[in-house]
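J.: Here are the chains, one letter per residue:
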Amino acid sequence: MNETIRELLGKVGGLPGPVAELEDDADLYAVGLSSFASVQLMLGLEEAFDIEFPDNLLNRKSFSSIAAIEQTLTHILKSKEAA
Amino acid sequence: MSLAALATDLSMSARAHRVAAVAAEFAETVDRDARFPEEAVNAMKAERLLGIQIPARLGGEDATTLELAEVCAILGQSCAAAAMVFAMHQIKVSSLVEHGEESAWHIDFMRELAARQLLVASATTEGGIGGNLRNSICAIEIDGDTCRLSKDATVISYGTHADAIMITSRAHDKAAPGDQVMTVFRRGQYTLEKTVTWDTLGMRGTCSDGFLFKGEAPAVQIFPKPFAEIAAQSMLANSHLLWSGVWFGIAADAVSRAQAFVRAAARKTPGAQPPGTLRLAEASSLLQMLKSNILCGLKTYQQAKADPDHLSSMAFSIAMNNIKLASSETILTIINQAMIVCGIMGYKNGTPYSLGRHLRDAHSAQLMISNDRILGNTSTMLLIQKPDTSLLG
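Just so you know, the protein sequences line up as chains A and B, in that order.
For the first sequence, the working numbering assigns the number 1 to the initial residue and increments by one for each residue that follows.
For the second sequence, the working numbering assigns the number 1 to the initial residue and increments by one for each residue that follows.
Derived by calculation from the structure, the hints in this document are not laboratory data.
Keep in mind the model is a prediction, meaning the values are calculated, not measured.
Any given hint might turn out to be false.
[Stated by the list, open to error] DEER-style ranges, computed between Cβ atoms: (1) A56(B) / I51(A): 44 to 54 Å; (2) E52(A) / G188(B): 48 to 58 Å; (3) C296(B) / E21(A): 43 to 53 Å; (4) E47(A) / K174(B): 29 to 39 Å; (5) N56(A) / L391(B): 16 to 26 Å; (6) E38(B) / K11(A): 53 to 63 Å; (7) K299(B) / N56(A): 13 to 23 Å; (8) A115(B) / N56(A): 40 to 50 Å; (9) E21(A) / S13(B): 48 to 58 Å; (10) R373(B) / E46(A): 18 to 28 Å; (11) A24(B) / K11(A): 32 to 42 Å.
Virtual Cβ for every residue (Gly too), placed ideally from N, Cα, C.
Construct the entire structure; sequences and hints are all you get.
T.: Below, the structure written as structure tokens:
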């Protein structure tokens with residue numbers, strides 16, 4: 001999952017520096033993730049994991065770091081399994 | 001209500017009406033000379049309206065966004081420039097109230113703002129960033145306990161009249177353009193060298209000149225929270241809602257003038273329906289829609305305030321963007337209808353039905369944060385966020 005996130009982030013994130021150098025808990029907005037790029041990242045994640053982000057998770061916090069995205073995805077995948 | 005009856009009424013709306021009476025008296029010269037609405041702002045201070053949003057324990061009155069929007073709408077009916085100065089000041093105060101409570105300096109500043117009725121201006125625009133306030137080129141320099149900032153601020157509304165300026169910059173010299181902080185600089189801690197003169201179609205009295213800002217202050221005056229959070233959680237909503245309050249005021253006064261025109265005509269020719277009445281009815285319907293739009297936005301904000309995650313959600317951003325788009329576009333239609341009703345008497349300056357100033361002031365609405373930029377942001381979010389289909393929310 002971490003790898004897929006990083007791969008997508010590299011493809012659509014538009015960050016000035018290399019994604020490999022980012023810590024999992026680095027603030028993505030602080031390193032230059034724009035709101036447009038964050039939406040592209042979300043769309044990519046929806047496609048890659050065959051999920052839909054529920055409205056209550058479409059906020060800044062859910063996508064603020066690689067770790068936060070992993071947590072958000074894990075949460076969605078778990079509730080998908082349970083359903 | 002007569003002014004005499006209002007004189008002893010200390011409610012916020014009565015105080016706003018007294019300020020509006022002063023603002024109305026000078027609205028035309030403020031507009032003609034593109035000068036600061038000094039008399040109206042002094043009246044705001046005398047009525048102690050500049051500090052109403054500050055918490056009561058710090059000397060304010062805990063005014064809600066709803067109450068602030070009402071004051072904006074009352075002032076907007078007299079002098080849009082004075083109303084906009086009030087709105088812009090309160091938008092800055094909202095950031096202090098929502099995000100300043102973690103810092104002793106900002107708490108003291110709020111106390112002093114309420115006590116001395118200080119006027120706060122904003123410097124978020126910068127040459128070279130193309131109007132996107134979420135990006136900065138300039139960076140604040142922190143040197144021990146001191147911070148220094150130099151910014152090519154292409155717009156600082158009423159900059160030379162303010163007691164303090166809240167200004168954005170990158171958080172440090174290596175920060176990305178979007179990694180910003182906001183700092184309060186007090187008068188005496190900065191110099192302003194005028195670079196651009198505000199000579200515009202409307203909103204002439206906001207005196208939104210451009211300046212080269214150079215400031216030095218204790219570093220504790222930097223807000224502890226990142227500006228991204230401040231922008232999302234207090235500035236976005238307050239800007240769109242309070243501006244909308246001002247715009248509602250402009251449109252409401254235009255409809256009042258159109259109604260006065262139609263009534264005067266109806267009285268002169270009893271039994272005959274004056275030609276403008278149907279358009280007046282249409283304008284009144286649009287005005288009501290505008291009012292509902294703003295009230296709905298105020299309610300949404302009130303509910304969202306309890307939950308910081310919701311305040312930074314896409315659903316909330318889209319809702320606020322939509323309020324701004326609808327308000328700024330509808331007022332132009334309303335004022336145009338009113339102009340057609342009043343005919344040449346509306347088109348001419350100096351009649352009781354003149355609407356030139358209203359129309360010129362109202363044209364700023366779709367440009368202050370360009371509607372195209374807002375539509376662009378919303379359209380991106382709608383790639384993933386489902387539209388709000390609920391009636392009650």
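J.: Taking the hints in turn, state whether each one holds.
T.: Against the structure, the hints come out as follows:
At about 47 Å, the CB distance of A56(B) to I51(A) agrees with the hint of 44 to 54 Å. At roughly 54 Å, the beta carbons of E52(A) and G188(B) sit within the given window of 48 to 58 Å. Separated by about 45 Å at the C-beta atoms, C296(B) and E21(A) satisfy the suggested range of 43 to 53 Å. For the pair E47(A) and K174(B), the beta carbons lie near 34 Å from each other, so the given range of 29 to 39 Å is met.
Here the CB-CB span from N56(A) to L391(B) is close to 20 Å, well matched to the stated 16 to 26 Å. Hint check: E38(B) to K11(A), Cβ distance near 55 Å, so the stated range 53 to 63 Å holds. Take K299(B) and N56(A): their Cβ atoms lie about 19 Å apart, and the range 13 to 23 Å holds. Checking the proposed 40 to 50 Å range against A115(B) and N56(A) shows it holds: the Cβ atoms sit about 42 Å from each other.
About 57 Å separates the C-beta atoms of E21(A) and S13(B), a value consistent with the hinted range of 48 to 58 Å. R373(B) and E46(A) have their C-beta atoms about 26 Å apart, which keeps the hinted 18 to 28 Å range intact. Taking 32 to 42 Å as the suggested C-beta distance range, the pair A24(B) and K11(A) does not conform, at roughly 58 Å.
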